[in-house]
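A.B. asks: Okay, here's what each chain looks like letter by letter:
2 protein chains.
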Amino acid sequence: HASSPSSSPRPLRLARLLLPFGLLLLVSLLVLHGRPPGTRPGQSGTDPAALFLSLSPGANASIAADLLTLTSGPHLAGTPGAAGVAAHVLSRLRAAGLRTLTREYAPLLSYRAHASLALLAADRSLLAHLSTDEPADPGRRVVRPYHAYAPSGAAVAEAVFVNLGREEDLAALDRLGVSLRGRVAVAVRGGGYRGGVVARAAGRGAVAVLIAGRADGGVERGTVLLGGPGDPLTPGWAAADGAERLGFDHEAVRRRFPTIPSMPVSADTASAIVRSLGGPALPAEWRAGLGLEGHAGGVGPGPTLVNFTYQEDRKMATIKDIFAVIKGREEPDRYVILGNHRDAWTYGAVDPNSGTAALLDVARRLGIMLRSGWTPRRTIILCSWDAEEFGMIGSTEWVEENLGDLQSKAVAYLNVDCAVQGMGLFAGSTPQLDKLLIDVTRQVKDPDVEGKTVHDTWSTMNGGINIERLARTDSDFAPFLHHAGIPCVDLYYGKEFPGYHTALDSYIWMEKHGDPLFLRHLAITEIWGLLALRLANDLVLPFDYHTYASQLQEHTNVLADRMNNSQSVSVINGFINDLSSAATEVQKEELKLLDIHDGRGLIRRRLLNDRLLLAERSFLHAEGLQGRTWYKHLMYSPPEDYESELSFFPGIADAISRRGNQSTRQRQAAVRQELWRVAMAIQRAANVLRGEFGAHNKPINFSVSMAP
Amino acid sequence: HASSPSSSPRPLRLARLLLPFGLLLLVSLLVLHGRPPGTRPGQSGTDPAALFLSLSPGANASIAADLLTLTSGPHLAGTPGAAGVAAHVLSRLRAAGLRTLTREYAPLLSYRAHASLALLAADRSLLAHLSTDEPADPGRRVVRPYHAYAPSGAAVAEAVFVNLGREEDLAALDRLGVSLRGRVAVAVRGGGYRGGVVARAAGRGAVAVLIAGRADGGVERGTVLLGGPGDPLTPGWAAADGAERLGFDHEAVRRRFPTIPSMPVSADTASAIVRSLGGPALPAEWRAGLGLEGHAGGVGPGPTLVNFTYQEDRKMATIKDIFAVIKGREEPDRYVILGNHRDAWTYGAVDPNSGTAALLDVARRLGIMLRSGWTPRRTIILCSWDAEEFGMIGSTEWVEENLGDLQSKAVAYLNVDCAVQGMGLFAGSTPQLDKLLIDVTRQVKDPDVEGKTVHDTWSTMNGGINIERLARTDSDFAPFLHHAGIPCVDLYYGKEFPGYHTALDSYIWMEKHGDPLFLRHLAITEIWGLLALRLANDLVLPFDYHTYASQLQEHTNVLADRMNNSQSVSVINGFINDLSSAATEVQKEELKLLDIHDGRGLIRRRLLNDRLLLAERSFLHAEGLQGRTWYKHLMYSPPEDYESELSFFPGIADAISRRGNQSTRQRQAAVRQELWRVAMAIQRAANVLRGEFGAHNKPINFSVSMAP
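Line by line, the protein sequences give chains A and F.
Sequential numbering of the first sequence, starting at 4, is according to the numbering used here.
Sequential numbering of the second sequence, starting at 4, is according to the numbering used here.
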């Protein structure tokens, strides 16, 4: 794809826009009318997956057209620009023939009111005004760079360069005898969650934090909210109209916000500051971040000072979640949920509207399938979230509002945030869905390698298939998994992209670099759709708990290793075996059911599916993790320590990393209690899976006895 | 019933024992063989209720025989005496033809090792040794009186009479200028939960508490555990073999135990102490408790001293829960659970074995019904709990262990602790079961009034039918309702009885006073069984959420009244209306289903029943009540304050009664948040009941807006 659209003549662009729709129209007509009258796909044997895939030709072009429209202007949540994109999504869902719903909330959002930055000499005379703009957006078409929820503040203080601002960087500064107290920290991006960078610097006494963007002129916006997702004033319930809200002085609210102001700045701005610093010399490995290889300067503090003022505009704003619902014909009270957020920091070509375009194509195809007479066995819900960028707010409020319903009915939540960031399939999942995901990729053509399936390339490249676990809280699956205990999948092409949260996240970049032929978008759409169809149509839910058990065993082994093969970790093993044998019983029951086809079979299948459906809920601890009660998943919530290596058993990870006032004995006891809590959760899951009352009342012997 | 069994000659007694069984055998044979071959009751239309009731003739006599056996010796939990009664129950369940299971736990129990009491003069010379025995048990056949979990301790201190030891009594002492600090409090029983009496006295600085028994020589044993039911070392999980246990220094453990020793003493012992007191004169209304009407003495302190030593034997002991399971033929994964505890402080004739005998009769009848070819639609589980007297331990450990399973499958829990204490039916229930309970009593003969049904007498006596709400935590329904959110019923004949937890709770008392003809036992058995059969067999679960909504409205009105018609309370009303309209939709769906009889009807019924089943869970707040996270039910958990009048909305009650360090504004905000939490729970329940996704996304307007 050599030319870029901005250089093509207008009629050609118009044709390029119309042609895919024309193609699609043709294909749809063929699909709808090429079918013999009387046959109803889905009812009499036509595989819904085949039907779904047959609607691919030309879809890449319509996806591209959708993306162009969605990204035509900035659409930050709670701003006027958001309305047009919401309207577009709503109208495309309706055009697909789907029933739509919307739900509005009024959470606390945060915008930049005013910022200024200047470099001062040691005597406080002005050396230079520094730009707080994004070089890549000279026309200020998108919102000027800022951190959402950074508090208003001002500082005139010496600057200190903190490299990536990780714990190890701050420790290095300690060793150099450089204190952050009362100073402005200047960091390079890449040190993990930006809220964590700010919190760590604040913990060391810094008065403000500036985080540098990349050399290409992009500046990374983002939220710095702490302690979990969702509206800060309504933790655990929805920010609906008229809802009770906590006061700003409430402890649960205060601890969500950083205590010092911060802002993302351009690499140029950060470089200007750091180049002016004296003090201990820059460590060698700290130079690359700002391109300071040849530079002879230091890490600070000073002698120069930074004069930083920041005014936040913190206010409640209306956001809108949009839904399309396809009611299941046999089990309408079982939900297969697909979600993508719609709001963007700038144009959102990658993040998130590559996913939005994919969602709209899934909707288009399902609409066609419905018109041809097919209905899914279970209900499918497509969700377009708002305000994800502020902290997964649109999805979290909705999950909190519908918690009882979702916990008793949701089969799984399939998330696509950035559908395409680059090359190569990446996926995160709760383990019982691994097998399904892998199976589905065998049916999808690889977008980059001719004649191969996605499964082919996925299993041979980058060391083979490696499905991540979802302990991270960086997209809309977080409330579904960490709070509600619903199995989740998160899909994306390409590990990361340079324009993340910058003005460079535009259609042009996607067309040039991200996915010129939009075939990766196509692949994501197909994987997403096929996952949904399997979950919504399979007679028995395609969950594999043997995989879950073996993953938990891996985690346990890693943990045991970390704890120097502490005997206490082995308490978990017996319960994991129990989970495995429960999984075997499920398989046996499934086989038996193959032979029963009457009404009794329907009920027996329902009973079996209920066991499968509810097992994941058992991994929740009702009271939540200590000090972070919103997080309830004991296998896969994020650990308290943003830099922790443990991506599982968060309660145990927290107990290990927590030092504080405890004696060693107390800490060991706390770790043991968390171990036991995990063991009990696994036992609960095994019991629910097994289903039969009393069958689990076999005495379980332990080699470890815990004396009080 | 003029003669008592102890005076009848042996052969007559033997005949009396054998005759009922003979009668029963005859009746059973008639039932089994009088049926035409080929008809299967329950399958082809025979009403299971009619069959159940047809097995009543002679049952009162076999119930009496069972009670005699069960109460032949003391059977305190964790002691050798318990084994025989467990074996009897197990064998009777098996004899009934039911499948049985047992589950053992090893919780922390508490026994009396040593106690001594003496009255000293002001100069510490011995005035008199005081008895720590129970006058009604001169042979020391049962465990000597004590409070379970009272800590070891000793005190030589002035005594103070505290009347009932309620807050108002302690306030009266304050006004009299009498301090409890460093003194021994002597109380009369009747001041509410004995643990609360001890805690209040300890809060005022008392060093020990003695609680007087009744004039008839009975001394009331009991637990003084604080903060909720269940094993103190394993809060939230089961005290299974090998389970992790918290240390005694753990905060969650320490706060379960009272801080000062206490003991129940005879009225004589207490009287001897109080008669020796000087100080401000006894208030007139304080005299009746110990029969001190003519006495001219005071409330203390002193001049006499009490020398009290107490040695507790606190240790882990094995307890055993016993189950009988009747697997449902259509929905084996739906559980109707009946429970009664088996352990007793002494002989247990009323508490609890009147209920045990009833449970065994239910088992007998169900066994006969099974043999005649009937099976219930849903699974019925009969439970015989252990260690209830120590703090609902056997039931709580089991519920904690099976929480996931129970929350997804349990239809209802039907509790009978003391089946018969005296005259008149009393019942507590979650409101959706009220209607069913009332209906069932129309089918049961009144045990005391010829020609009337229980419903007849229940609705005309004592001001009419008054079903209590279950905020109290005094029997085994507590973990099911307060922790797991399962609908519950609690049944008993007679409000209370004099021999409670004393050696007077014997078969002789029951035969003489409690239920001479055992017809009240019969009535309880019938009500219990019919409830179970309706819940296990009705096509659609017989839950009525209109009643729930109207009860919640009553509670809200009472609360509004108490809060001087605060406008903020009205926020709940809209959600209650929502619950009501959801209940209406359920009724409509139920009507529609009457016309559908195929496999699709089966599934649709299942879907509707799932909505009904799960609605109660919505009333739980996952994180639990503040400071008492084990309690999760927002409508019906006990309030923190043992003396609170509010028997609903415990979170709101707690926020109102909590003073502490808060400003008025903070307290108002806390109350408002609890109001909102209740409102949200009701909304969740309405959503779950309504079932259809998106239908609830109607905007709800409030007249109250809550500014942050």
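Calculated directly from the structure, the hints in this document are not laboratory data.
A few of these clues could be false.
Which copy? The list can't say, so a pair holds if one copy fits it or any two copies do.
[What the hints assert, rightly or not] Within a straight-line C-alpha distance of at most 35 Å, the following computed DSBU-like cross-link-like pairs (lysine-lysine) qualify:
no. : residue 1 : residue 2
1   : K591      : K318
2   : K330      : K438
3   : K438      : K591
4   : K591      : K330
5   : K591      : K448
All values derive from a computational prediction rather than experimental measurement.
A.B. asks: None of the hints should be skipped; say for each whether it holds.
C.D. replies: These are the hints, each one checked on the structure:
1. K591 - K318: neither (56 Å within a copy, 44 Å between copies)
2. K330 - K438: Classified as both; 26 Å inside a copy, 34 Å across copies.
3. K438 - K591: within (18 Å within a copy, 42 Å between copies)
4. K591 - K330: both (30 Å within a copy, 20 Å between copies)
5. K591 - K448: This pair counts as within: shortest intra-copy Cα distance 33 Å, inter-copy 49 Å.
Consistency note: the structure conflicts with earlier hint 1 alone.
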